[in-house]
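> Sequence:
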Amino acid sequence: MSTTTRITIDDEGDTLVILKLRSDDANPDVTENIATDDESTTETTATSNVTTNDAVQSEDRPHTEKHFLCSKKHLSFASRRASKMFSSNFKEASKEEDGLHHWTFEALFQPTAFEIVLNFIHGKTRDVPQEVSVDLLADIASIVDDLECHDALSFPGRNWLLKYSAFRLLLITNKSIYQIIHASFVFENSEAFKRATRLAIKSGTDIVPNFELPIRQSVIDSIQTKRVSIFQELMDELADLQSKLLAQEAGPCTYGCRSMMLGTLIQGMNAARIWPPPLPPFPSLSISAVIISLFGIHLHTYFGPESGADASKFSGKWHRATSSLPTQSQEEPPTLVRHHCCLTEYLNPILDAVEAEIEGLKLEEFTRP
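In terms of the UniProt record's numbering, the sequence shown is numbered consecutively and its last residue is 369.
Note that these hints are calculated values from the structure, not bench results. A portion of the hints provided could be inaccurate.
Stated by the list, open to error - Taking CB as the label site, the calculated pair distances span: (1) Ser83 - Ala271: 12 to 22 Å; (2) Glu357 - Pro214: 43 to 53 Å; (3) Pro214 - Tyr255: 57 to 67 Å; (4) Arg273 - Ser165: 42 to 52 Å; (5) Glu131 - Ser293: 32 to 42 Å; (6) Gln217 - Ala271: 19 to 29 Å; (7) Thr367 - Phe295: 36 to 46 Å; (8) Ala353 - Leu299: 18 to 28 Å; (9) Asp240 - Lys362: 40 to 50 Å; (10) Gln217 - Leu299: 22 to 32 Å.
Since the structure is predicted, the reported quantities are computational estimates derived from the model, not experimental observations. Here a beta-carbon is modelled for each residue, glycine too, at the ideal position from N, C-alpha and C.
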(Lines of atoms letter the chains of each structure in order from A and count residues from 1; the text may use other names and numbers.)
(Lines give C-alpha, C1' and ligand atoms only; values in the text may rest on other atoms or scores of the structure.)
Protein backbone atom coordinates (compact mmCIF):
# COMPACT_ATOMS: atom_id res chain seq x y z
CA MET A 1 0.00 0.00 0.00
CA SER A 2 1.27 3.43 -0.86
CA THR A 3 0.29 6.88 0.31
CA THR A 4 0.20 9.48 -2.42
CA THR A 5 -0.17 13.19 -2.88
CA ARG A 6 -1.67 14.40 -6.14
CA ILE A 7 -0.44 17.72 -7.54
CA THR A 8 -1.88 19.15 -10.74
CA ILE A 9 0.69 20.91 -12.87
CA ASP A 10 -1.47 20.84 -16.01
CA ASP A 11 -5.28 20.53 -15.72
CA GLU A 12 -5.42 18.76 -19.07
CA GLY A 13 -2.36 16.65 -18.44
CA ASP A 14 -1.95 13.21 -19.92
CA THR A 15 1.12 12.10 -17.97
CA LEU A 16 1.49 11.16 -14.34
CA VAL A 17 5.01 11.85 -13.12
CA ILE A 18 5.49 9.75 -10.00
CA LEU A 19 8.17 10.70 -7.48
CA LYS A 20 8.88 8.27 -4.68
CA LEU A 21 9.83 10.08 -1.50
CA ARG A 22 12.73 9.53 0.82
CA SER A 23 11.84 8.96 4.44
CA ASP A 24 12.94 12.47 5.41
CA ASP A 25 10.80 13.98 2.63
CA ALA A 26 7.68 11.98 3.47
CA ASN A 27 6.54 14.37 6.21
CA PRO A 28 2.79 14.16 6.86
CA ASP A 29 2.83 17.67 8.29
CA VAL A 30 3.81 19.20 4.97
CA THR A 31 2.13 16.84 2.49
CA GLU A 32 -1.52 16.31 1.77
CA ASN A 33 -2.39 12.64 1.57
CA ILE A 34 -4.93 11.50 -0.99
CA ALA A 35 -7.15 8.80 0.42
CA THR A 36 -8.83 7.51 -2.72
CA ASP A 37 -8.96 3.75 -3.08
CA ASP A 38 -7.22 3.77 -6.46
CA GLU A 39 -4.23 5.74 -5.30
CA SER A 40 -3.86 3.82 -2.06
CA THR A 41 -3.67 0.47 -3.80
CA THR A 42 -2.09 1.13 -7.20
CA GLU A 43 1.38 -0.36 -7.64
CA THR A 44 3.76 1.73 -9.77
CA THR A 45 5.64 -0.48 -12.20
CA ALA A 46 6.97 2.12 -14.64
CA THR A 47 10.67 2.68 -14.03
CA SER A 48 13.14 5.47 -14.60
CA ASN A 49 16.62 4.82 -15.93
CA VAL A 50 18.02 6.50 -12.80
CA THR A 51 18.67 3.98 -10.02
CA THR A 52 20.48 3.93 -6.70
CA ASN A 53 20.97 1.38 -3.93
CA ASP A 54 19.91 3.97 -1.39
CA ALA A 55 16.55 4.37 -3.13
CA VAL A 56 15.63 0.67 -3.09
CA GLN A 57 12.69 0.08 -0.78
CA SER A 58 11.50 -3.16 0.71
CA GLU A 59 8.51 -4.68 -1.07
CA ASP A 60 6.84 -5.15 2.30
CA ARG A 61 7.26 -1.53 3.35
CA PRO A 62 4.63 1.05 2.36
CA HIS A 63 6.14 3.93 0.42
CA THR A 64 5.03 7.51 -0.01
CA GLU A 65 4.78 9.12 -3.41
CA LYS A 66 3.93 12.40 -5.04
CA HIS A 67 2.00 12.24 -8.29
CA PHE A 68 2.30 15.21 -10.65
CA LEU A 69 -0.25 15.52 -13.44
CA CYS A 70 1.72 16.90 -16.37
CA SER A 71 1.64 17.36 -20.11
CA LYS A 72 3.63 14.93 -22.22
CA LYS A 73 3.94 17.65 -24.86
CA HIS A 74 5.53 20.12 -22.44
CA LEU A 75 7.79 17.47 -20.96
CA SER A 76 8.97 16.30 -24.37
CA PHE A 77 9.58 19.85 -25.58
CA ALA A 78 11.63 20.92 -22.54
CA SER A 79 13.38 17.67 -21.60
CA ARG A 80 15.62 15.79 -24.01
CA ARG A 81 15.35 12.75 -21.81
CA ALA A 82 11.54 12.84 -21.87
CA SER A 83 11.53 13.36 -25.62
CA LYS A 84 13.66 10.27 -26.20
CA MET A 85 11.65 8.18 -23.78
CA PHE A 86 8.17 9.05 -25.06
CA SER A 87 9.21 8.55 -28.69
CA SER A 88 10.70 5.11 -28.07
CA ASN A 89 9.54 1.66 -27.06
CA PHE A 90 9.91 2.31 -23.35
CA LYS A 91 6.96 1.40 -21.15
CA GLU A 92 6.40 5.09 -20.42
CA ALA A 93 5.51 5.68 -24.08
CA SER A 94 2.29 3.66 -23.63
CA LYS A 95 -0.69 4.71 -21.54
CA GLU A 96 -1.69 2.79 -18.43
CA GLU A 97 -5.20 1.62 -17.49
CA ASP A 98 -6.05 5.05 -16.12
CA GLY A 99 -5.48 6.56 -19.57
CA LEU A 100 -2.28 8.33 -18.51
CA HIS A 101 1.37 7.84 -19.25
CA HIS A 102 3.29 6.97 -16.09
CA TRP A 103 6.85 8.14 -15.52
CA THR A 104 8.29 6.99 -12.20
CA PHE A 105 11.34 8.33 -10.39
CA GLU A 106 12.99 6.61 -7.47
CA ALA A 107 13.57 8.48 -4.22
CA LEU A 108 16.48 10.51 -5.55
CA PHE A 109 15.11 14.02 -5.69
CA GLN A 110 13.82 16.60 -3.23
CA PRO A 111 10.06 17.05 -3.87
CA THR A 112 9.95 20.85 -3.60
CA ALA A 113 12.76 21.17 -6.12
CA PHE A 114 11.04 18.61 -8.35
CA GLU A 115 7.79 20.59 -8.34
CA ILE A 116 9.63 23.84 -9.13
CA VAL A 117 11.27 22.25 -12.16
CA LEU A 118 7.96 20.84 -13.44
CA ASN A 119 6.28 24.23 -13.03
CA PHE A 120 8.98 25.91 -15.10
CA ILE A 121 8.72 23.23 -17.77
CA HIS A 122 5.00 24.00 -18.05
CA GLY A 123 5.56 27.76 -18.07
CA LYS A 124 4.02 28.29 -14.64
CA THR A 125 6.41 30.75 -13.05
CA ARG A 126 4.07 32.87 -10.94
CA ASP A 127 4.46 30.93 -7.71
CA VAL A 128 8.12 29.96 -7.98
CA PRO A 129 10.52 31.60 -5.49
CA GLN A 130 12.65 34.57 -6.46
CA GLU A 131 15.43 33.34 -4.20
CA VAL A 132 16.32 29.82 -3.09
CA SER A 133 18.66 28.40 -0.49
CA VAL A 134 21.90 26.84 -1.66
CA ASP A 135 20.54 23.39 -0.71
CA LEU A 136 17.40 23.87 -2.82
CA LEU A 137 19.43 25.36 -5.66
CA ALA A 138 21.66 22.29 -5.78
CA ASP A 139 18.61 20.01 -5.68
CA ILE A 140 17.04 21.89 -8.59
CA ALA A 141 20.28 21.69 -10.55
CA SER A 142 20.45 17.91 -10.05
CA ILE A 143 16.94 17.49 -11.43
CA VAL A 144 17.59 19.81 -14.38
CA ASP A 145 20.74 17.87 -15.21
CA ASP A 146 18.94 14.53 -14.93
CA LEU A 147 15.96 15.57 -17.08
CA GLU A 148 18.23 17.44 -19.49
CA CYS A 149 15.97 20.49 -19.42
CA HIS A 150 18.71 23.10 -19.12
CA ASP A 151 17.13 25.64 -21.47
CA ALA A 152 13.86 25.71 -19.54
CA LEU A 153 15.62 26.60 -16.26
CA SER A 154 18.62 28.53 -17.58
CA PHE A 155 17.31 32.03 -16.85
CA PRO A 156 16.01 31.45 -13.29
CA GLY A 157 19.04 29.33 -12.47
CA ARG A 158 21.43 32.12 -13.36
CA ASN A 159 19.35 34.63 -11.42
CA TRP A 160 19.38 32.45 -8.32
CA LEU A 161 23.16 32.24 -8.56
CA LEU A 162 23.52 36.03 -8.53
CA LYS A 163 22.88 35.89 -4.79
CA TYR A 164 26.21 34.18 -4.23
CA SER A 165 28.76 36.90 -4.87
CA ALA A 166 32.48 36.54 -4.21
CA PHE A 167 32.05 38.01 -0.71
CA ARG A 168 29.15 35.77 0.17
CA LEU A 169 31.03 32.69 -0.96
CA LEU A 170 33.60 33.37 1.75
CA LEU A 171 30.89 32.96 4.38
CA ILE A 172 29.51 29.59 3.33
CA THR A 173 30.50 26.05 4.23
CA ASN A 174 32.67 23.65 2.26
CA LYS A 175 29.58 21.70 1.18
CA SER A 176 27.94 24.88 -0.07
CA ILE A 177 30.99 25.65 -2.20
CA TYR A 178 30.53 22.37 -4.05
CA GLN A 179 26.79 22.96 -4.32
CA ILE A 180 27.55 26.26 -6.07
CA ILE A 181 30.07 24.51 -8.33
CA HIS A 182 27.38 21.99 -9.28
CA ALA A 183 24.64 24.58 -9.85
CA SER A 184 26.86 27.00 -11.78
CA PHE A 185 27.97 24.17 -14.06
CA VAL A 186 24.40 23.09 -14.78
CA PHE A 187 23.13 26.65 -15.32
CA GLU A 188 26.29 27.67 -17.18
CA ASN A 189 27.20 30.64 -14.98
CA SER A 190 30.91 30.98 -15.73
CA GLU A 191 31.65 33.67 -13.13
CA ALA A 192 30.03 31.77 -10.26
CA PHE A 193 31.78 28.59 -11.42
CA LYS A 194 35.15 30.34 -11.48
CA ARG A 195 34.67 31.92 -8.03
CA ALA A 196 33.51 28.70 -6.40
CA THR A 197 36.21 26.50 -7.93
CA ARG A 198 38.88 29.03 -6.89
CA LEU A 199 37.66 28.76 -3.32
CA ALA A 200 37.64 24.96 -3.55
CA ILE A 201 41.22 24.95 -4.85
CA LYS A 202 42.35 27.33 -2.13
CA SER A 203 40.59 25.77 0.85
CA GLY A 204 40.48 22.10 -0.16
CA THR A 205 42.72 19.22 0.92
CA ASP A 206 43.92 16.15 -0.97
CA ILE A 207 40.50 14.56 -0.49
CA VAL A 208 38.00 16.32 -2.74
CA PRO A 209 34.47 15.56 -1.54
CA ASN A 210 31.48 15.70 -3.87
CA PHE A 211 28.88 15.52 -1.08
CA GLU A 212 26.89 13.05 -3.22
CA LEU A 213 26.39 15.75 -5.83
CA PRO A 214 26.51 14.69 -9.50
CA ILE A 215 29.53 16.87 -10.23
CA ARG A 216 31.49 15.83 -13.31
CA GLN A 217 34.61 13.86 -12.40
CA SER A 218 36.61 16.02 -14.79
CA VAL A 219 35.77 19.06 -12.63
CA ILE A 220 36.80 17.27 -9.42
CA ASP A 221 40.06 16.12 -11.02
CA SER A 222 40.86 19.62 -12.29
CA ILE A 223 40.33 21.13 -8.85
CA GLN A 224 42.77 18.64 -7.34
CA THR A 225 45.33 19.06 -10.13
CA LYS A 226 45.28 22.85 -9.77
CA ARG A 227 45.55 22.62 -5.98
CA VAL A 228 48.60 20.34 -6.16
CA SER A 229 50.25 22.58 -8.76
CA ILE A 230 49.83 25.73 -6.64
CA PHE A 231 50.99 23.89 -3.51
CA GLN A 232 54.10 22.66 -5.31
CA GLU A 233 54.87 26.19 -6.46
CA LEU A 234 54.64 27.42 -2.86
CA MET A 235 56.96 24.68 -1.62
CA ASP A 236 59.46 25.41 -4.40
CA GLU A 237 59.51 29.11 -3.54
CA LEU A 238 60.04 28.39 0.16
CA ALA A 239 62.88 26.00 -0.66
CA ASP A 240 64.45 28.69 -2.84
CA LEU A 241 64.24 31.22 -0.01
CA GLN A 242 65.96 28.77 2.34
CA SER A 243 68.75 28.28 -0.19
CA LYS A 244 69.24 32.02 -0.56
CA LEU A 245 69.46 32.49 3.19
CA LEU A 246 72.03 29.71 3.39
CA ALA A 247 74.01 31.06 0.43
CA GLN A 248 73.99 34.64 1.73
CA GLU A 249 71.92 35.77 -1.25
CA ALA A 250 68.94 37.05 0.72
CA GLY A 251 69.98 40.41 2.05
CA PRO A 252 73.44 41.86 2.71
CA CYS A 253 73.31 41.42 6.48
CA THR A 254 75.37 39.33 8.87
CA TYR A 255 75.60 35.57 9.25
CA GLY A 256 73.83 35.71 12.60
CA CYS A 257 70.96 37.77 11.22
CA ARG A 258 70.45 35.44 8.26
CA SER A 259 70.63 32.43 10.58
CA MET A 260 67.88 33.92 12.72
CA MET A 261 65.66 34.48 9.66
CA LEU A 262 66.31 30.93 8.42
CA GLY A 263 65.45 29.47 11.80
CA THR A 264 62.32 31.60 12.02
CA LEU A 265 61.25 30.41 8.56
CA ILE A 266 61.72 26.74 9.45
CA GLN A 267 59.89 27.20 12.75
CA GLY A 268 57.04 28.87 10.87
CA MET A 269 56.91 26.08 8.29
CA ASN A 270 56.83 23.54 11.09
CA ALA A 271 53.91 25.37 12.70
CA ALA A 272 52.14 25.33 9.33
CA ARG A 273 52.72 21.54 9.12
CA ILE A 274 54.93 21.79 6.04
CA TRP A 275 58.26 20.93 7.69
CA PRO A 276 59.75 18.60 6.73
CA PRO A 277 58.44 19.56 3.30
CA PRO A 278 55.54 17.24 2.38
CA LEU A 279 55.18 15.55 -0.98
CA PRO A 280 52.23 15.68 -3.40
CA PRO A 281 49.31 15.40 -3.01
CA PHE A 282 50.09 17.24 0.26
CA PRO A 283 47.70 15.20 2.43
CA SER A 284 45.40 16.94 4.90
CA LEU A 285 46.74 20.38 3.98
CA SER A 286 44.95 23.34 2.42
CA ILE A 287 46.68 26.20 0.64
CA SER A 288 44.60 28.73 2.53
CA ALA A 289 45.47 27.38 5.99
CA VAL A 290 49.19 27.18 5.18
CA ILE A 291 49.37 30.72 3.79
CA ILE A 292 47.47 32.15 6.76
CA SER A 293 49.84 30.34 9.14
CA LEU A 294 52.94 31.62 7.32
CA PHE A 295 51.63 35.17 7.30
CA GLY A 296 51.33 34.86 11.08
CA ILE A 297 54.92 33.76 11.73
CA HIS A 298 56.19 35.14 15.03
CA LEU A 299 59.13 37.44 14.28
CA HIS A 300 62.08 38.00 16.58
CA THR A 301 64.35 40.97 17.13
CA TYR A 302 68.02 40.28 16.53
CA PHE A 303 70.86 42.09 18.28
CA GLY A 304 74.28 41.57 16.78
CA PRO A 305 77.64 43.15 16.09
CA GLU A 306 77.80 46.37 14.15
CA SER A 307 80.51 45.10 11.83
CA GLY A 308 79.22 43.53 8.64
CA ALA A 309 75.71 44.83 9.11
CA ASP A 310 73.85 47.00 6.63
CA ALA A 311 73.85 50.45 8.22
CA SER A 312 70.41 51.15 6.78
CA LYS A 313 68.94 48.17 8.63
CA PHE A 314 69.99 48.66 12.21
CA SER A 315 69.46 51.25 14.90
CA GLY A 316 70.63 51.95 18.40
CA LYS A 317 73.85 50.89 20.03
CA TRP A 318 74.36 48.91 23.18
CA HIS A 319 77.85 48.85 24.66
CA ARG A 320 78.93 45.94 26.79
CA ALA A 321 80.13 46.79 30.24
CA THR A 322 83.89 46.47 30.48
CA SER A 323 85.31 43.77 32.69
CA SER A 324 88.75 43.32 34.14
CA LEU A 325 88.35 39.56 34.17
CA PRO A 326 90.89 37.83 31.88
CA THR A 327 88.34 35.14 30.96
CA GLN A 328 86.20 37.52 28.89
CA SER A 329 85.70 36.05 25.42
CA GLN A 330 87.44 37.87 22.62
CA GLU A 331 84.55 36.85 20.31
CA GLU A 332 81.98 38.93 22.14
CA PRO A 333 81.59 42.26 20.30
CA PRO A 334 81.94 45.33 22.48
CA THR A 335 78.97 46.99 20.74
CA LEU A 336 75.61 45.53 19.72
CA VAL A 337 73.08 47.03 17.33
CA ARG A 338 69.42 46.23 16.80
CA HIS A 339 68.85 44.73 13.35
CA HIS A 340 65.74 45.59 11.37
CA CYS A 341 66.19 42.82 8.81
CA CYS A 342 62.87 41.04 8.62
CA LEU A 343 61.87 37.69 7.20
CA THR A 344 58.58 39.14 5.98
CA GLU A 345 60.49 41.26 3.43
CA TYR A 346 61.31 38.04 1.61
CA LEU A 347 58.43 35.78 2.65
CA ASN A 348 55.36 37.98 2.15
CA PRO A 349 56.00 38.67 -1.56
CA ILE A 350 56.20 34.91 -2.09
CA LEU A 351 52.89 34.34 -0.32
CA ASP A 352 51.21 37.21 -2.18
CA ALA A 353 52.44 35.90 -5.54
CA VAL A 354 51.29 32.34 -4.84
CA GLU A 355 47.88 33.54 -3.69
CA ALA A 356 47.54 35.62 -6.85
CA GLU A 357 48.24 32.49 -8.90
CA ILE A 358 45.13 30.77 -7.57
CA GLU A 359 42.52 31.05 -10.28
CA GLY A 360 39.22 29.27 -10.62
CA LEU A 361 38.43 26.88 -13.44
CA LYS A 362 37.01 28.05 -16.75
CA LEU A 363 33.58 26.68 -17.46
CA GLU A 364 34.14 26.66 -21.21
CA GLU A 365 36.90 24.07 -20.79
CA PHE A 366 34.32 21.49 -19.73
CA THR A 367 31.75 20.04 -22.06
CA ARG A 368 28.35 18.66 -21.14
CA PRO A 369 27.69 15.18 -22.59
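> Go through the numbered hints given earlier and state which of them the structure violates, listing their numbers in rising order.
Those not satisfied are hints 1, 2, 4, 6, 9 and 10.
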